[in-house]
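Trainee: Fit chain to chain and form the complex, with the hints in mind.
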Amino acid sequence: MTTLPLLFSDVTLGQELPRLEVDVTPTLVVLGAMASRDWRPMHHDYAFAVHRQGLKDIFLNTPNQAAWFERYLTDWTGPHGRLGRMTFRMKGSVFPGDTMVLAGTVDTLDTDETGCGWVGLAVSLRVGDETKTTCSARLALPTTDDDNPWDRRGERWKP
Amino acid sequence: MSLPPAVAAMLGVRQYEEAAEFPVERGYIWNTCAAVHNANPLYWDDVAAASITGGPIAPPTTLSLWMRPHYWSPGHEGERLALRLHFDMKAAFELPEAIIGDNTLVFHEPVRPGDVISHAQVLRSVSDIKTLHLGTGRWWNIDVEYWNQRGDTVGIESYAGFGYRKPGQ
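Listed in order, the protein sequences are those of chains G and W.
Those letters in the first sequence? Residues 1 to 159, per our numbering, in order.
Those letters in the second sequence? Residues 1 to 169, per our numbering, in order.
One chain only, chain W, in its complex shape (with noise of 0.2 angstroms):
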C-alpha cells in the first residue's frame, strides 16, 4: 500500500534540527538518579567521576530528557510536545491513540554539565495498516540523532510507535 504523498516525502528527512532550550545541569541529573534510586558514584561523587570519567557525566538514558520543551513558556500556547514526528504521524493518519513500542538507545561521548545538546528526527518508515489488540492502526520508525555543542554525537535513539483508533472510535 502507497503512502500519502506528504508522509512519504518525509521519509529519510531530517526534521526539527534545533538545539536544546537550557543546558544539561545537574539538578535533572540529581532528579533522575533518585527517581530510580540510582547510587552510581559517578553522579553523587565528584571524586569518583574526576577518576572515571574526567568529571561529572549525565547517565546515559537521560539522552531525550535534554530536548524535551518545557510544558510552557513565554509565546507558545497548550501543551508542547517531544518527538514532534510521532505525533506528526498521528495527524496525518487521523490517528487518536498511539503508544512506543520499542526504543534502541546508543551512547557514544558522554553527555557532561554545561553541555548544550542539539537534536534532528528522521522518519524511516511507516508500515501498511496493521491490526493489533489495541487497534487498528500503523507502525512507524523514527531516529533522532543527538550532538553536543562541540559537533560530537552523543546519542542515537530509534522509536517504533504505534498510531491507532481503539475498536469502534
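So here's chain G without its partners, still in its complex pose (with noise of 0.2 angstroms):
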C-alpha cells in the first residue's frame, strides 16, 4: 500500500487530531503488559490488585500507555512521521470495563537549525469525564515529498 506523506505544511496549529475510542478488556490489559514484559501482578492478578492494593481491577501499565500514545499519534502521522519526544502523567488507573478515548491538539509548529519539521502534541486518555492520562509529544514530519526525519542522525536530529 503507497500513502502520500503527511507533510509538516500540512498541519495547522489548534488541528484536532481524530479520537481513538477503544473498549479495555482484560485481555488487552495482560497483552500489554505480556508484551512490554511487565510481570509486575497488578496488571494480569485480580486478586493482587483488588486484595492487595485496593483498586476495583488490574490496570493499563505504563510502558502499554507508552504505546498506545504513540499508535494514535502514528496513526495520524503514517510512517514518516518520526516520534522524537514524549512526557505523560498519569492521574488515574485504566480498568477493564473503561472505553478510553485518545483525542489530540496540535500545539506548537517550529523548525529546528537543522530544518527538521517538528510538531508538538497535547495528548488526552481520557475514561468518561476523567482524564486518566495527560501526554505531550514532539514528533518530526517530513518538510518536503523527498525528506524523511528517519534519515536524520547524530547532529542533525534534535528531539
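Be aware that a few hints might be false.
Heads up, simulated DMTMM-like pairs for lysine to aspartate or glutamate below, C-alpha to C-alpha not over 25 angstroms straight-line [what the hints assert, rightly or not]:
no., chain 1, residue 1, chain 2, residue 2
1, G, K91, W, E109
2, W, K166, G, D57
3, W, K90, G, D57
4, G, K158, G, D110
5, W, K166, G, D45
6, G, K56, W, D102
7, G, K91, W, E94
8, G, K91, W, D102
9, G, K158, W, D152
10, G, K56, G, D45
11, G, K158, W, E109
12, W, K166, W, D128
13, W, K166, G, E130
14, G, K158, W, E145
15, W, K90, G, D38
16, G, K158, W, D102
17, W, K90, G, D45
18, G, K91, W, E97
19, G, K91, W, D88
20, G, K56, W, E97
21, G, K158, W, E94
22, W, K166, G, D38
23, G, K91, W, D143
Don't read these hints as lab results, they were simulated from the structure.
Since this is a predicted model, take the numbers as computed values, not measurements.
Mentor: In C-alpha cells, the structure reads:
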C-alpha cells in the first residue's frame, strides 16, 4: 500500500486529531503487560490488584500506555512521522470495562536549525469525564516530498 | 530535610549498568503492535521499512522492554525487577507502596532487530516527605540511559516515582 506522507506544511496550529476509542478488556491489559515484559502482578492478577492494592481491577501498565500514545500519533502521521519526545502524566488507572478515548491537538509548530519540522501535540486519554493520562509529544514530519525525518542522525536529530 | 547518607551518595551516580539478556527481536515488536492494534507498516511491511527506515525497527516506545529481565532464569530466585533504583528507594525509605507518576521518553537512534541494548540508571533527585491522597512518602526522579552495541544512544527515559505508606499502614 502506498500512502502520501503527511507533510509538516499540511499541519496547522490548533488542528485536532481524529479521536480514538478503545474498549479495554482484561485481555488487552494482560496482553499489553506481557508484550512489554512487565510481570508485576497488578497488571494481570485480579486478586492482587483488588485485595492487596485496594483497586477495582488490574490496570494498564506504563509502557503499554506509551505504546497506545505512539500508535495514536503515528496513525495520524503515517510511517514517515518520527517521534522525538513524549512526556506523560498518569492521574488515574485504566481498568477493564473502561472505554478510553484518546484525543489530541497540535499546540506547537517549529523548524529547528537543521531544517527538521517539529509538531508539538497535547494528547489526553480520558475515560468518561475523567482525564486519566495527559501526554505531550514532539514529533518530526517531512518538510518536503523528498525529506525523511528517519534519515536524520547525530547532530541533525535534535529531539 | 537532609537525605540519609546512603541515599545522598547515590545521587548522580550511574548504577546497574548492564546489557540486555537477549537481542532485540521481532516477536516482541509484533506482540507490542498487536497489544495496541498498531498497523504502522514500518513494523509489518519489510518493503516499507526498507524504504523509510533502512530496514525493520522497533517501535520507539519499546525502549524499556529490551532491558526488562526474564521473570525467572537459572540461578535466580524470586521475582526479578526492572528499574531497580525505584525499588531501592522504596527499601531505603521503608515505603511499602509506590507508583510511577510522570514518564518522559526521548528517542535517538532507532532500535533494530539484532541490536543488543544496554542501560544505566541514575538517581537524579529525592524530595522531602510529601502527603498526597495516596498516602505519605517521597518523590524520586530516575533517568535511564539506553545505548546499542555500537555505543549509539538510542533513548533516555526519566521517571518520577512516588513511594508511600497508606494511611494506617
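Trainee: Taking the hints in turn, state whether each one holds.
Mentor: Going down the list of hints, with the structure as the test:
no. : hint            : in the structure
1   : G:K91 / W:E109  : violated (30 angstroms)
2   : W:K166 / G:D57  : holds (18 angstroms)
3   : W:K90 / G:D57   : holds (23 angstroms)
4   : G:K158 / G:D110 : holds (12 angstroms)
5   : W:K166 / G:D45  : holds (21 angstroms)
6   : G:K56 / W:D102  : holds (22 angstroms)
7   : G:K91 / W:E94   : holds (24 angstroms)
8   : G:K91 / W:D102  : holds (9 angstroms)
9   : G:K158 / W:D152 : holds (14 angstroms)
10  : G:K56 / G:D45   : holds (12 angstroms)
11  : G:K158 / W:E109 : holds (11 angstroms)
12  : W:K166 / W:D128 : holds (17 angstroms)
13  : W:K166 / G:E130 : holds (23 angstroms)
14  : G:K158 / W:E145 : holds (16 angstroms)
15  : W:K90 / G:D38   : holds (18 angstroms)
16  : G:K158 / W:D102 : holds (22 angstroms)
17  : W:K90 / G:D45   : holds (22 angstroms)
18  : G:K91 / W:E97   : holds (16 angstroms)
19  : G:K91 / W:D88   : holds (24 angstroms)
20  : G:K56 / W:E97   : holds (17 angstroms)
21  : G:K158 / W:E94  : violated (40 angstroms)
22  : W:K166 / G:D38  : holds (24 angstroms)
23  : G:K91 / W:D143  : holds (21 angstroms)
Of the numbered hints stated above, those contradicted by the structure are hints 1, 21, listed in ascending order.
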